[in-house]
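Per the numbering used here, the very first residue in the sequence shown carries number 5; after that it's consecutive.
Since the hints were derived computationally from the structure, they do not count as laboratory data. Hints are not guaranteed to be accurate.
Computed spacing ranges between beta-carbons, pair by pair [unchecked claim]:
1. H263 - L415: 42 to 50 Å
2. F385 - F424: 20 to 28 Å
3. K220 - V352: 36 to 44 Å
Quick caveat: nothing in here was measured; it's all calculated off a predicted structure. By construction, the Cβ of each residue, glycine as well, lies at the ideal position given by its N, Cα and C atoms.
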Amino acid sequence: MINCTYNLLSSLKIIVLTSLLFFLAGTSFLSAQQKIASKRNNKFKIIGDTTKVYYSYLTNPTELLQVDSSLHEFETVDPTWNNASWYISLGGLLATPSFDVLYQPKLKGGFRVGLDQFDNYRLHREDIKYYNIKDNRPYTDLYYSQINQKNNLVKADFAHKFSDNFYLALQYNLSNQTGFFKHQRLRNQNVGFTLRYFSNKSKYHGYLNFITNAVKHENNGGIIVDTLGGLTDDFLANQDVRSTSASTHYNLTEVSYTHFLYNNRVDSLGTNTAASNEWSHRITYQFNRYKYFDTNPPTDGSWYGLASVNPRGIRHFIRHQLLENELSFRQAIGGSLTSAPLWVKAYVKHSWNAVYQEPIDFNIHNISVGLVAQNNPQFKFKYRVEGQLTWAERQLDFSLKGRVGYDMGKLGYLEGQALFQRYQPNLIDRQLYVSWDKVWDNNLLFRQIQELNFGGSYTYKIDKKQWGLQFKGEVLNHTLTNWTYYDSSEVHQATESVNILQVKLQGDFKIWKVHLDNQVVWQPVLAGGDYFRIPQLLFKHNLYLQSYVFKRAMLAKVGLSFYYHTPYQADGYAPLTGAFYNQNSFTTSLDPRLDAYVSFRIWQFRFFIRAENLLHFVYQRNYFTAYRHPVTNFVVRLGISWRLFD
Numbered sequence: 005m006i007n008c009t010y011n012l013l014s015s016l017k018i019i020v021l022t023s024l025l026f027f028l029a030g031t032s033f034l035s036a037q038q039k040i041a042s043k044r045n046n047k048f049k050i051i052g053d054t055t056k057v058y059y060s061y062l063t064n065p066t067e068l069l070q071v072d073s074s075l076h077e078f079e080t081v082d083p084t085w086n087n088a089s090w091y092i093s094l095g096g097l098l099a100t101p102s103f104d105v106l107y108q109p110k111l112k113g114g115f116r117v118g119l120d121q122f123d124n125y126r127l128h129r130e131d132i133k134y135y136n137i138k139d140n141r142p143y144t145d146l147y148y149s150q151i152n153q154k155n156n157l158v159k160a161d162f163a164h165k166f167s168d169n170f171y172l173a174l175q176y177n178l179s180n181q182t183g184f185f186k187h188q189r190l191r192n193q194n195v196g197f198t199l200r201y202f203s204n205k206s207k208y209h210g211y212l213n214f215i216t217n218a219v220k221h222e223n224n225g226g227i228i229v230d231t232l233g234g235l236t237d238d239f240l241a242n243q244d245v246r247s248t249s250a251s252t253h254y255n256l257t258e259v260s261y262t263h264f265l266y267n268n269r270v271d272s273l274g275t276n277t278a279a280s281n282e283w284s285h286r287i288t289y290q291f292n293r294y295k296y297f298d299t300n301p302p303t304d305g306s307w308y309g310l311a312s313v314n315p316r317g318i319r320h321f322i323r324h325q326l327l328e329n330e331l332s333f334r335q336a337i338g339g340s341l342t343s344a345p346l347w348v349k350a351y352v353k354h355s356w357n358a359v360y361q362e363p364i365d366f367n368i369h370n371i372s373v374g375l376v377a378q379n380n381p382q383f384k385f386k387y388r389v390e391g392q393l394t395w396a397e398r399q400l401d402f403s404l405k406g407r408v409g410y411d412m413g414k415l416g417y418l419e420g421q422a423l424f425q426r427y428q429p430n431l432i433d434r435q436l437y438v439s440w441d442k443v444w445d446n447n448l449l450f451r452q453i454q455e456l457n458f459g460g461s462y463t464y465k466i467d468k469k470q471w472g473l474q475f476k477g478e479v480l481n482h483t484l485t486n487w488t489y490y491d492s493s494e495v496h497q498a499t500e501s502v503n504i505l506q507v508k509l510q511g512d513f514k515i516w517k518v519h520l521d522n523q524v525v526w527q528p529v530l531a532g533g534d535y536f537r538i539p540q541l542l543f544k545h546n547l548y549l550q551s552y553v554f555k556r557a558m559l560a561k562v563g564l565s566f567y568y569h570t571p572y573q574a575d576g577y578a579p580l581t582g583a584f585y586n587q588n589s590f591t592t593s594l595d596p597r598l599d600a601y602v603s604f605r606i607w608q609f610r611f612f613i614r615a616e617n618l619l620h621f622v623y624q625r626n627y628f629t630a631y632r633h634p635v636t637n638f639v640v641r642l643g644i645s646w647r648l649f650d
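Build out the structure end to end from the sequences listed, making use of the hints.
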């Protein structure tokens with residue numbers, strides 16, 4: 005074990021020292037001009053970008069965004085750690101169930117199944133990118149990353165506009181993880197197919213989408229012990245786990261057709277004028293199957309709690325079919341949809357849900373109406389408001405969301421935001437059947453959940469030739485009433501409100517070629533701490549050196565990433581319900597995470613090598629992301645990305 009440790013440390017030293025010497029050798033060349041762009045309100049540093057590729061989303065087809073081809077966070081494989089996404093995946097494995105360590109409100113309302121533990125890795129219709137490539141050239145974006153052949157990630161995008169009328173795109177993601185403990189294998193696959201049609205004068209746009217998400221996950225229930233220390237993979241593989249017979253199989257399929265009708269027209273000079281209004285209609289069909297089974301469950305009921313209804317086996321199965329129609333109208337006030345000072349959108353939506361929750365079946369109809377108003381983001385004063393009402397199972401769910409900001413130029417940017425919503429608990433929280441037996445029925449007991457989220461932020465940035473600063477401070481408050489939570493046995497509804505204060509600080513500094521990106525969050529739970537468990541302090545730091553080398557032929561980056569959160573009573577994971585539950589017997593240890601990485605970009609090709617969990621050699625123990633779910637030892641991850649044209 006000692007020899008193994010020395011070998012790994014020696015290899016790591018060689019990698020880091022060689023990379024540093026190689027990198028510093030090229031620092032005499034001219035530095036790249038740096039630009040700061042925005043992608044869905046997240047910062048991307050576009051440095052010496054090559055061929056520019058733009059894309060849009062179906063939620064707003066007229067808004068074009070630029071594909072990020074820089075090295076900014078390229079070495080960060082797990083999307084749960086990207087940018088401001090403060091999630092943690094189970095055992096640190098890609099595409100496994102993930103949970104919030106920072107409360108982040110999400111819009112909810114209407115009928116929901118509630119099995120969303122893989123949602124951060126799911127491909128949604130709103131995630132499909134529609135590329136806009138110069139000269140209509142075919143575009144391919146390939147990505148591959150691995151720790152070894154049994155733990156890898158593949159992503160591929162292909163888009164081709166065959167003519168001015170037709171566009172075809174494919175999107176594929178596959179996360180294949182064997183893990184390092186017994187019965188931990190996972191396969192998470194997403195496939196998206198898109199066919200788009202534009203009429204000759206672009207008055208009519210049609211989008212046909214086909215999406216599948218398939219998950220197969222072996223659930224070991226975690227290890228038996230609460231602490232773990234060992235420096236070899238064999239040591240991890242020999243650890244006893246709670247189950248070697250439980251599995252989760254999800255298959256989610258969606259087919260949708262969305263079409264838009266614009267009022268653009270050709271004037272007497274043959275010029276095509278921009279549209280000032282937009283009619284749209286979308287029809288969606290989903291066929292989703294959720295299955296969990298355990299052929300050899302524990303006989304003492306320690307894992308399944310109230311769901312331990314049959315010692316011969318556990319089975320939980322739901323089939324959900326959705327047929328949804330949405331009709332909307334968007335009108336620009338005082339100009340076109342892309343240049344007007346204001347646009348307003350109204351919509352109505354009907355959803356028919358046919359559910360078979362073994363052994364019962366039922367139908368649920370939801371009717372929603374909504375209104376959205378947004379001004380032109382080019383103005384100094386910016387705002388967006390949206391509201392929705394949903395009639396859902398004898399109850400009225402609603403949400404009201406708003407954002408207002410003011411650009412003070414060199415003095416910075418001020419923004420305020422608020423979200424007020426009330427919604428029914430999801431299906432799993434309200435009723436659960438296991439192996440044909442009713443486990444709980446809370447339909448008459450549980451009340452609607454209410455959230456009040458509000459806060460403000462201030463952003464300031466300076467971008468000079470030799471130095472730069474970007475700072476953002478944010479203060480938020482969240483009040484959650486009738487919050488639903490789990491313990492190791494069943495689901496409950498809180499008898500008092502939960503109140504969370506959040507103070508977020510982000511400071512990114514640049515001096516010469518040296519960058520230091522920092523994020524700090526303080527989030528005390530002021531009320532209802534028995535129902536809501538999150539770490540009080542979170543830190544994320546990234547120190548790196550970035551410059552062009554070899555006469556600007558290559559962009560290189562060498563850095564260290566540091567993650568840390570204060571100890572807290574981390575949730576356990578219940579795979580049968582897909583829920584993370586409160587527990588009182590375990591507190592996470594004080595184990596920061598330190599990674600070292602090197603990344604390069606040559607034209608359209610990018611490569612990185614990342615040494616993860618270096619401090620494992622210092623603490624000689626495995627830290628836990630969730631109760632009974634430790635991460636693996638020190639690993640080295642490789643990754644490549646290649647954009648191809650024609």
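Results of checking the hints against the structure:
A hinted range of 42 to 50 Å holds for the C-beta pair H263 and L415, which are about 44 Å apart. Range check, F385 to F424: Cβ separation about 22 Å, and the 20 to 28 Å hint holds. Restraint check, K220 to V352: a C-beta distance of roughly 38 Å satisfies the suggested window 36 to 44 Å.
Hint compliance for this structure: every hint is met.
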